[in-house]
Amino acid sequence: MPIVFEGVSYSYTAPAKPKDAKKPRIKAKEASIPGERPAWGNAPDALWAIHDIDFTLEDGDFLGIAGHTGSGKSTLIQHMNGLIHPTLGRVLIDGTDIADKKAASRIRGKVGLVFQYPEHQLFAANVYDDVAFGPRNLGLPPDEVDRCVRDALAQVSLDFDSLRTASPFELSGGQQRRVAFAGVLAMRPSTLILDEPVAGLDPATRNSFLNLIAELHRQGLTVVLVSHNMNDLARLCNRVLVLKEGQQFALGSPQEVFAHADELKAIGLGVPSAQGLANRLVAQGVPLGDISAALSPRRTAANPEGATKRLYDIESLADELAALYKAQPAAGAIQPEETVHEGQAGGPYA
Amino acid sequence: MPEIAIIGRYWPGTSPLHRMDPRAKLLMSLAVMAVILCAQGFVGLGVCAFFTFGLFVLARIPLKAAFKSIAPLAFIIVIAALLNIFFEQGGQTLVQWGFLQISSKGLYQAAFSGLRLLLLLLSMSLLTLTTATLDITDAFEHLLAPFARIGLPAHELSMIMGIALKFLPQFVFEVQTIYRAQISRGATFAKSPLKGGFQMLGSLMVPLFTSAFRHAETLSAAMDARCYHGGPGRTRLHDLRFGSRDRNAVFVLSGVLAAVIAANLLV
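Protein chains in written order, with this note's numbering: chain A, 15 to 364; chain B, 2 to 268.
Because the hints were derived from the structure by calculation, they are not lab data. Positions of the beta carbon are idealized from the N, C-alpha and C atoms, including for glycine. Among the clues, some could well be false.
As the list claims (entries may be wrong) - What follows is a set of in silico ranges between Cβ atoms, one per label pair, in the way DEER data are often shown:
id	chain 1	residue 1	chain 2	residue 2	range
1	A	Gly282	B	Ala213	31 to 41 Å
2	B	Val173	A	Glu158	18 to 28 Å
3	A	Lys124	B	Pro170	40 to 50 Å
4	A	Gly282	B	Ala133	30 to 40 Å
5	A	Gly109	B	Arg227	56 to 66 Å
6	A	Asn221	B	Lys65	50 to 60 Å
7	A	Gly188	B	Phe172	19 to 29 Å
8	B	Thr219	A	Ala337	50 to 60 Å
9	B	Ala133	A	Glu184	20 to 30 Å
10	A	Gly214	B	Ala133	46 to 56 Å
11	A	Pro16	B	Met162	45 to 55 Å
Said to hold, decoys possible - Far from chain A, by Cβ distances over 10 Å, these chain B residues were calculated:
id	residue
12	Leu38
13	Phe68
14	Gly99
15	Ala133
16	Phe148
17	Ala188
18	Leu205
19	Met206
20	Ala217
21	Leu220
22	Ser221
As the list claims (entries may be wrong) - Output of the computed footprint for chain B on chain A, the stretches with three or more beta carbons under 8 Å from beta carbons of chain B:
id	region
23	83-97
24	123-129
25	132-139
26	195-201
Whenever a hint applies, use it, and build me the whole structure from the sequences.
Have a look at this one:
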């Protein structure tokens, strides 16, 4: 069930209405009437919340979306299940334009959208009813609903029997988020869209949540992850989309996207920390990723931008540094011991 | 969910009207309403309309924005006009349709009361369009201060009012988010309340209330951290002062009142 964005633009000043879906859409010129300002998001007088977005979300993708605050991430993902409709362009799911209200409500069970702080949307008297809200809205029979709820709670590793009658408001923050998460999973979506799913969680809960998301992706779900954390994006995603002021700034594999460290920095984003360290090492003259260059450090000096040819995570960076150290234990120019110190510096326990 | 229009949302500006003392503005807007209610004929209303539109020009607020801000209340005008058309009888009968009849006096009354209501709403919205909510609550507190002697908690009342007004946009935003989240979970809000719609409504209202309590706790902690105690002796950064602008406003308004009374007597 691929989701295709075809030149999608969205404007708060001239939002398209579903009933106009059959008429020709507003022309760009007409949409540029100065009017009310958007209540949040981009620069107050920017016309487009998102502009000319063009990509396809394939089945089995793990797409990361990054961007500065107000760059249109939330607006973009709300197009994916027809909550908002593009002012220009169209969103196709399985080849059907979801500007149509009926088509949009049909796909809502298939495309699960988890908003930021989903625990703030809990409402039912007990966990069971809250998780069952989605499946019931889909019109499933009670025994089917029951199975959905059991499966969903098991997926988020919550105990069905001890929690089913508990009030969601008595749970801890992390458990509340799990319940809210289960509420979306219970609809058995084939695509899961997550807006900052680990914001405000403690490190342990955060990790178990990210592992849960990775596990769901392994089980065959298509996942879209909006995050400010480049480490998470580099580790989990197979594709990354970077937005800048509502425009598509970069789209590609994490290797491709994070190769442009300086450009990312210019729009207020960073690169994964291991990659950042690798870039700085290269800029300092450590011949990473290029064994032949290790013999003549001058060659890396021709690469002042500090971009490396591959994307490093902590393990691969450590391996490479160890390999370099073994290759040239006596070379004075490299001094890998110092880089190890640099990596640890700043910690209070150093 | 359509964006919820807020009646008379503050329209930032630096016009003389914006810079008037909020206390004076609050009292004057009451006076303007009294003047409009004084008018007994179209000529009097015409004077009021001229004056009201003049104020909008002075405040540099486009008329379109003015009408937009009172649009949610337009139904009151329509209902009032319709009631007058059908229940005010007299003069020539123009249309007779079953038991319904429209007379010339009914039409006249409908137009008159419709126009009067429109002017009342416009002049009321002018206060909130040109005054920030905090200034309005300050003015409110000052005007209630004399009653504090007989035990009226003037400061608390205005603080409650101010906080409520300040949080309105926040809650509008949150309702929109909750609404979208529940729609994503297959909720349909078009259903009748009797057919399972209560649960739908609950899925909106319960999160809204929990968030209101959450905000209340955070806000009270934040106020506490800033040593707020609300008691007497609290000073302000910007003290309210009456100025020449406010005196002039009294003169202008007296002039308008005189003109309206003259119109009532002469026409």
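A quick look at each hint next to the structure:
In this structure, Gly282 of chain A and Ala213 of chain B meet the distance hint of 31 to 41 Å, their C-beta atoms being roughly 33 Å apart. Taken as a hint, the range 18 to 28 Å is violated for the pair Val173 of chain B and Glu158 of chain A, whose Cβ atoms sit roughly 37 Å apart. The supplied range of 40 to 50 Å is broken by Lys124 of chain A and Pro170 of chain B, whose beta-carbon atoms lie about 34 Å from each other. Distance hint check: the CB atoms of Gly282 of chain A and Ala133 of chain B are about 31 Å apart, consistent with the given range 30 to 40 Å.
Checked against the given bound of 56 to 66 Å, the beta carbons of Gly109 of chain A and Arg227 of chain B, roughly 57 Å apart, stay inside it. The hinted range of 50 to 60 Å is satisfied by Asn221 of chain A and Lys65 of chain B, whose Cβ atoms lie roughly 54 Å apart. Range check, Gly188 of chain A to Phe172 of chain B: about 26 Å between beta-carbon atoms, so the 19 to 29 Å window is met. Thr219 of chain B and Ala337 of chain A have their C-beta atoms about 52 Å apart, which keeps the hinted 50 to 60 Å range intact.
For Ala133 of chain B and Glu184 of chain A, the Cβ-Cβ distance of about 41 Å falls outside the hinted range of 20 to 30 Å, so the restraint is violated. At about 32 Å, the beta-carbon gap between Gly214 of chain A and Ala133 of chain B misses the expected band of 46 to 56 Å. In this structure, Pro16 of chain A and Met162 of chain B meet the distance hint of 45 to 55 Å, their C-beta atoms being roughly 53 Å apart. For Leu38 of chain B, the condition that its CB be more than 10 Å from all CB atoms of chain A holds, with the nearest at approximately 33 Å.
Every C-beta of chain A lies more than 10 Å from that of Phe68 of chain B, the closest at about 14 Å, which supports listing it as non-interface. For Gly99 of chain B, the shortest C-beta to C-beta distance to chain A comes to about 36 Å, beyond the 10 Å cut-off, and the non-interface label holds. With a minimum CB-CB distance of about 17 Å to chain A, Ala133 of chain B clears the 10 Å threshold, and the non-interface call stands. Every CB of chain A lies more than 10 Å from the CB of Phe148 of chain B, the least distance being 37 Å, so the non-interface label holds.
Distance check on Ala188 of chain B: its Cβ comes as close as 6 Å (rounded) to a Cβ of chain A, failing to clear the 10 Å threshold; non-interface status is violated. Against chain A, the non-interface label of Leu205 of chain B is violated: not every CB pair exceeds 10 Å, the least being about 8 Å. For Met206 of chain B, the non-interface assignment is contradicted: its Cβ lies about 8 Å from the closest Cβ of chain A, within the 10 Å cut-off. At roughly 15 Å, the least C-beta separation between Ala217 of chain B and chain A is larger than 10 Å, which holds for a residue marked as non-interface.
Distance check for Leu220 of chain B against chain A: the nearest CB is about 17 Å away, which clears 10 Å, and the non-interface claim stands. Remark: the non-interface label on Ser221 of chain B is consistent with the geometry, its nearest Cβ contact in chain A lying 19 Å away (cut-off 10 Å). For the region 83-97 of chain A, the stated coverage by chain B holds: 3 residues have a C-beta nearer than 8 Å to a C-beta of that chain, and at least 3 were required. Residues of the region 123-129 of chain A with a Cβ under 8 Å from some Cβ of chain B number 4, which satisfies the need for three, so the listed coverage holds.
Counting residues of the region 132-139 of chain A whose beta-carbon sits less than 8 Å from any beta-carbon of chain B gives 6, enough to reach three: the coverage restraint holds. Only when three residues or more bring their CB closer than 8 Å to a CB of chain B does the claim for the region 195-201 of chain A stand; here the count is 3, and the claim holds.
Checked against the numbered hints given earlier, this structure breaks hints 2, 3, 9, 10, 17, 18 and 19; the rest are met.
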